[in-house]
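Given the coordinates of chain A, work out where chains B, C and D should sit on it, guided by the hints.
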Amino acid sequence: MKDGNERVYKITTDRIEPDALFGWSLKPHHGAVVTFAGTVRDNTDGRRTLRLEYETYAEMAEAKMREVGVEIRDKWGIEDVAMIHRVGTLEIGEISILISVAAPHRKNAFEACSYAIDRVKQIVPVWKKEIWADGKREWVERQS
Amino acid sequence: MKDGNERVYKITTDRIEPDALFGWSLKPHHGAVVTFAGTVRDNTDGRRTLRLEYETYAEMAEAKMREVGVEIRDKWGIEDVAMIHRVGTLEIGEISILISVAAPHRKNAFEACSYAIDRVKQIVPVWKKEIWADGKREWVERQS
Amino acid sequence: MRIIVKCFAGCKDAVGATSVSVELPAGTTVGEAFAGLIESYPALGGYDRSVMLAVNRQYADRQAVLEDGDELACIPPVSGGAGPQ
Amino acid sequence: MRIIVKCFAGCKDAVGATSVSVELPAGTTVGEAFAGLIESYPALGGYDRSVMLAVNRQYADRQAVLEDGDELACIPPVSGGAGPQ
Numbered sequence: 017m018k019d020g021n022e023r024v025y026k027i028t029t030d031r032i033e034p035d036a037l038f039g040w041s042l043k044p045h046h047g048a049v050v051t052f053a054g055t056v057r058d059n060t061d062g063r064r065t066l067r068l069e070y071e072t073y074a075e076m077a078e079a080k081m082r083e084v085g086v087e088i089r090d091k092w093g094i095e096d097v098a099m100i101h102r103v104g105t106l107e108i109g110e111i112s113i114l115i116s117v118a119a120p121h122r123k124n125a126f127e128a129c130s131y132a133i134d135r136v137k138q139i140v141p142v143w144k145k146e147i148w149a150d151g152k153r154e155w156v157e158r159q160s
Numbered sequence: 017m018k019d020g021n022e023r024v025y026k027i028t029t030d031r032i033e034p035d036a037l038f039g040w041s042l043k044p045h046h047g048a049v050v051t052f053a054g055t056v057r058d059n060t061d062g063r064r065t066l067r068l069e070y071e072t073y074a075e076m077a078e079a080k081m082r083e084v085g086v087e088i089r090d091k092w093g094i095e096d097v098a099m100i101h102r103v104g105t106l107e108i109g110e111i112s113i114l115i116s117v118a119a120p121h122r123k124n125a126f127e128a129c130s131y132a133i134d135r136v137k138q139i140v141p142v143w144k145k146e147i148w149a150d151g152k153r154e155w156v157e158r159q160s
Numbered sequence: 050m051r052i053i054v055k056c057f058a059g060c061k062d063a064v065g066a067t068s069v070s071v072e073l074p075a076g077t078t079v080g081e082a083f084a085g086l087i088e089s090y091p092a093l094g095g096y097d098r099s100v101m102l103a104v105n106r107q108y109a110d111r112q113a114v115l116e117d118g119d120e121l122a123c124i125p126p127v128s129g130g131a132g133p134q
Numbered sequence: 050m051r052i053i054v055k056c057f058a059g060c061k062d063a064v065g066a067t068s069v070s071v072e073l074p075a076g077t078t079v080g081e082a083f084a085g086l087i088e089s090y091p092a093l094g095g096y097d098r099s100v101m102l103a104v105n106r107q108y109a110d111r112q113a114v115l116e117d118g119d120e121l122a123c124i125p126p127v128s129g130g131a132g133p134q
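Chains as they are written, first to last, in the working numbering: chain A, 17 to 160; chain B, 17 to 160; chain C, 50 to 134; chain D, 50 to 134.
It is worth saying that the hints were derived from the structure and are not from the lab. Be careful, since some hints might not be right.
[Stated by the list, open to error] One-sided and incomplete, this derived list gives chain B residues near chain C with beta-carbon spacing under 10 Å: (1) GLY54; (2) ARG67; (3) TYR70; (4) TYR73; (5) GLU75; (6) ALA79; (7) ASN124; (8) LYS137; (9) VAL140; (10) LYS145.
Where a beta carbon is used, it is the ideal one built from N, C-alpha and C, also for glycine.
Excised from the complex, chain A in its bound form:
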């Protein structure tokens, strides 16, 4: 648990552990921590995936994640948001993105965490390439 106002908005090539952000967001006046982990699925629309390769525009990505944090502060008054996005080669089941939102009450924390991942997928410059089980490699380039 941290007492200061540290926030984490980070791009990393390291493996992300599911509890990596818990201590960063939790403070003594909080009662709720909502965490979202995006994980690598073994298929997309039924087509088998072998692994994913993520690429980023790192300098801009961290700034855009921070911007999502500012939006959340303005909308819900929630200060304690942390997010980390992994890039490089990821295997099935590994965490690509982890977002943690801590707040005194749970309703806001759920809304803010759901909003955070929606916004990340809109404005944070990270791309993934599907390495399909059939050997093909394709950038995933669609809004979602």
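For chains B, C and D alone, kept in the frame of chain A given last:
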């Protein structure tokens, strides 16, 4: 990561770690894991809390948690729900309840996790006693 | 017939025990049994409107009829999980 | 003036490089610069409607005017996080 259909609905007196349920819920076809941690706050409506004491009707509580899991399967088709509730004496910042919901897509996972904690607070027989900083001790008995 | 009554949180404090055994006439309903408990333990009266009653670990209507050996639980409003909302 | 163009994902493949340096007349807009890139790298044409353009790490309108030393980034639809929805 588990391949079977194990589910966790557990009352415990042990400390709950924030990643305790991650591996139980995640499977290879999932892309989203939403986790809710309820934590002990240092105040209620501004009054200082020293710690909390939780009591349960254990045999019924685990069955009721399982029932919430069945409701989620019926509503969203989500199989992979895990929840653990701690009882006994808890200090500020410790986790009283942890709920993890894993699913192929995130929207359902957020909805189901939020629903899970709402329902737990309605039907699972667990009570907490506030140990106030001023020395008073009081059962918290209100619907919320 | 004889049933076991389990008491939790504030109900436990009102009764002064986590569990009591009571003798009741056959055909007694859940609601009648709780009314009888209030007579024996007047402090339970404060829970008459808010308590939920469970028979053998399932929430039960007050009209439900008890049977010999049943476990009746007095469940004040629950407050598990985290704080309100 | 001279600007740096950064290319990612499919745009990078179309250009064949992560970064190119281009010489442009003063007053060139973001949109004009991208049109010029399509002339040099026709495979970029497929991104004309979907690409977002950023100047110095801020998303920019196509009408924005570039300045010497700017970093222009060609950003195909992003696909970070987890799968769709």
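Right, here's what the structure says about each hint:
no., hint, in the structure
1, GLY54, "3 Å, holds"
2, ARG67, "14 Å, violated"
3, TYR70, "7 Å, holds"
4, TYR73, "6 Å, holds"
5, GLU75, "6 Å, holds"
6, ALA79, "6 Å, holds"
7, ASN124, "21 Å, violated"
8, LYS137, "5 Å, holds"
9, VAL140, "5 Å, holds"
10, LYS145, "7 Å, holds"
Hint compliance for this structure: hints 2 and 7 are not met, and every other hint is.
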